[in-house]
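S.K.: Sequence:
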Amino acid sequence: MANTLGSELDEALRSEHGALVAYRRLAGLVRDGDLARVLATFVEDELRQIAELTATIEALGLQPARASLRRRVLAELLVFSVRILGPRFALRVCREAEETRARWYAHLGGFLRDMGERRFDASFQRMSLLKLHHAQTLGAWVHNA
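Residue numbering for the sequence shown follows the working numbering, starting at 131 and increasing by one per position.
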């Protein structure tokens, strides 16, 4: 259990690190001031999410993953695409990633609950809801970009 759970939590944490890089860079690149402010808020959300997820992983007795070079490079490439394609493509990719992470957190919370670990319910629910909020917010920008 710990190995599979640890792998899934590591994947989630690496994804959050990638999102942090993407939102930080996008916030400084987009021309729309309102969108830049939204993305700057996402950066703060990601920092809190990474801290909460790291604390959860440690509370489970597991070692948190470090940031991934591959995720950083992919995030930088996504940000670079804005210069060529405009922001819509990058925002759509970010929205889909947020939706995926929302499902991951709901699944991981349910898995731990089924294993008798109810102490993490609120944390995983909070993380999932934040990802859904990000996805919905990005969806509005994708639609209007």
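One or more hints might be untrue.
To be verified - What follows is a list of derived Cβ distance ranges for each label pair:
1. Ile214 <-> Thr184: 12 to 22 Å
2. Arg167 <-> Leu207: 23 to 33 Å
3. Asp162 <-> Glu247: 34 to 44 Å
4. Phe219 <-> Arg249: 32 to 42 Å
5. Phe210 <-> Ala270: 19 to 29 Å
6. Ala170 <-> Phe219: 31 to 41 Å
Worth flagging that the hints you see were computed from the coordinates, not collected in a lab. These figures come from a predicted structure and were not determined experimentally. Each residue gets a CB set at the ideal place from its N, CA and C atoms; glycine is no exception.
S.K.: Taking the hints in turn, state whether each one holds.
M.R.: Taking the hints in turn, this is what the structure says about them:
no.	hint	in the structure
1	Ile214 <-> Thr184: 12 to 22 Å	violated, 34 Å
2	Arg167 <-> Leu207: 23 to 33 Å	holds, 24 Å
3	Asp162 <-> Glu247: 34 to 44 Å	holds, 42 Å
4	Phe219 <-> Arg249: 32 to 42 Å	holds, 40 Å
5	Phe210 <-> Ala270: 19 to 29 Å	holds, 24 Å
6	Ala170 <-> Phe219: 31 to 41 Å	violated, 20 Å
The structure shown violates the earlier hints numbered 1 and 6.
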